[in-house]
Amino acid sequence: MIGAIVDTHDLLEVVWTAAVAGLGTTTAYGLAILGVGRALDYGRSGRTVEALAYGVLGAVAVAAVAAAVVFGIVVMVNK
Amino acid sequence: MHSEIVVVIVVATALAFDFTNGFHDTANVVATSISTRAMSPRLAVGYASVLNFVGAFISLQVAATVAKDVVNPADITLLAVFAGLVGAIAWNLITWYFGLPSSSSHALIGGIVGAVLVADGPDAVFFDGILGKVMIPALIAPTLAFVVGGAAILVLYRTVGGLRPARVTRGFRGGQVISGGLLALAHGTNDAQKTMGVITLALVANGTIASNDFHVPDWVVASSATAISLGTYIGGWRIIKTMGSRIHKMDSAQGFAAQGSGAAVILASSHVGFPLSTTQTISGAVIGSGAAKRLSAVRWGVAGNIVAAWVVTLPAAAAIGALTYVITRAFGTGAVGPIVVSAAILSGGALLFVRRAQQSSVTPAAAEA
Numbered sequence: 010m011i012g013a014i015v016d017t018h019d020l021l022e023v024v025w026t027a028a029v030a031g032l033g034t035t036t037a038y039g040l041a042i043l044g045v046g047r048a049l050d051y052g053r054s055g056r057t058v059e060a061l062a063y064g065v066l067g068a069v070a071v072a073a074v075a076a077a078v079v080f081g082i083v084v085m086v087n088k
Numbered sequence: 044m045h046s047e048i049v050v051v052i053v054v055a056t057a058l059a060f061d062f063t064n065g066f067h068d069t070a071n072v073v074a075t076s077i078s079t080r081a082m083s084p085r086l087a088v089g090y091a092s093v094l095n096f097v098g099a100f101i102s103l104q105v106a107a108t109v110a111k112d113v114v115n116p117a118d119i120t121l122l123a124v125f126a127g128l129v130g131a132i133a134w135n136l137i138t139w140y141f142g143l144p145s146s147s148s149h150a151l152i153g154g155i156v157g158a159v160l161v162a163d164g165p166d167a168v169f170f171d172g173i174l175g176k177v178m179i180p181a182l183i184a185p186t187l188a189f190v191v192g193g194a195a196i197l198v199l200y201r202t203v204g205g206l207r208p209a210r211v212t213r214g215f216r217g218g219q220v221i222s223g224g225l226l227a228l229a230h231g232t233n234d235a236q237k238t239m240g241v242i243t244l245a246l247v248a249n250g251t252i253a254s255n256d257f258h259v260p261d262w263v264v265a266s267s268a269t270a271i272s273l274g275t276y277i278g279g280w281r282i283i284k285t286m287g288s289r290i291h292k293m294d295s296a297q298g299f300a301a302q303g304s305g306a307a308v309i310l311a312s313s314h315v316g317f318p319l320s321t322t323q324t325i326s327g328a329v330i331g332s333g334a335a336k337r338l339s340a341v342r343w344g345v346a347g348n349i350v351a352a353w354v355v356t357l358p359a360a361a362a363i364g365a366l367t368y369v370i371t372r373a374f375g376t377g378a379v380g381p382i383v384v385s386a387a388i389l390s391g392g393a394l395l396f397v398r399r400a401q402q403s404s405v406t407p408a409a410a411e412a
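Protein chains in written order, with our numbering: chain E, 10 to 88; chain W, 44 to 412.
Keep in mind that the hints were calculated from the coordinates and are not lab data. Using N, Cα and C, we set each Cβ at its ideal position, and we do this for glycine too. Careful: at least some of the hints might be erroneous.
To be verified - A few chain W residues facing chain E, derived, Cβ under 8 Å: (1) L187; (2) V198; (3) L225; (4) V379; (5) V383; (6) S385.
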């Protein structure tokens, strides 16, 4: 009955995409803060390797968040 | 001539609804940013207002969804559209008066369904469409936002737990500018289009637009975008206070988690074409981000009132829409009924504003506190 009224495939797609996008984007942003914060701290204390590693983590995470934002806008434009 | 006057009144009423929609739903976008001090109140509503305006121009494909999937467009009359809009406006004003973040979309759907039910009977209402496109997404979206918002804040606390609090706060405040912007765009494109659809439907009912040539005129897009943007800028500070600090006192990480999760649910639903309430989704994410940190941090009484408003919105707006149709129709099919009812709703709205202004003043500064 419910299956005839609601597209369960679409419903499941909403559930998993929202979970992945919501958790993925917020986690990526958290990693960006972690990466930039640690890179600054290690940079100040002269630990270049650690600073570089965290800097790369921060940069990748920022890029992931930027990609998610662009994708979100594309979804809005194309709906 | 009478018909033209009624069309003008219906368009004005639809734009008034759009204004109350922006006014009522400002809180969805800006409440968390204001309460965590990511942005000043005026900057936050200005930012949301501009992005709501831009969002209204992004897409037009869902403009007619409300009417096409909920009631039979062939049975729509100008008086039914008018009565439905009045039902939605009245419910938005009542929930604003009590500071409750209820769904403007559900108020609009409820108002239209109630009016059409009385005007044309149950055969004109698509109950399957209401269940499949409105009721079930209304249950799924806030629950999903609650779970994702809760999970996101747990992950975030674990990720940034070892950093200096000031740096974390600054970082997440910056993130809220981005997540709040996405929410404002999504709100503009979702909610302004519903008004565009209703105005276009009224033009079809009047014969201004042929029913086999359904398109949204440019002036409808521009006026709807302007109305929702102005309403957003004026801002419903009472609801902003409820959303921002009465459910639970948020930190910037929780604000970011709530906005990010809410935006993800809204965009995922938009992607597959489910119309949903931005209000319910963001409220669910706000409650989830508070409950995951500590269950007792959430004021469950306030959360309960919000959920009760969700449940009541559809039938209440339908009842007001139906009653409005009966009253309007009592004056005949001409312009007299809409003029009388418009005057009554304007007077009632003004009375509510004056009463609320006398009882308390929730200002931008108070909303931030």
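Open item on the list: To test your reading of the hints: which numbers does this structure violate?
Closed with: Structure breaks hints 4, 5, 6.
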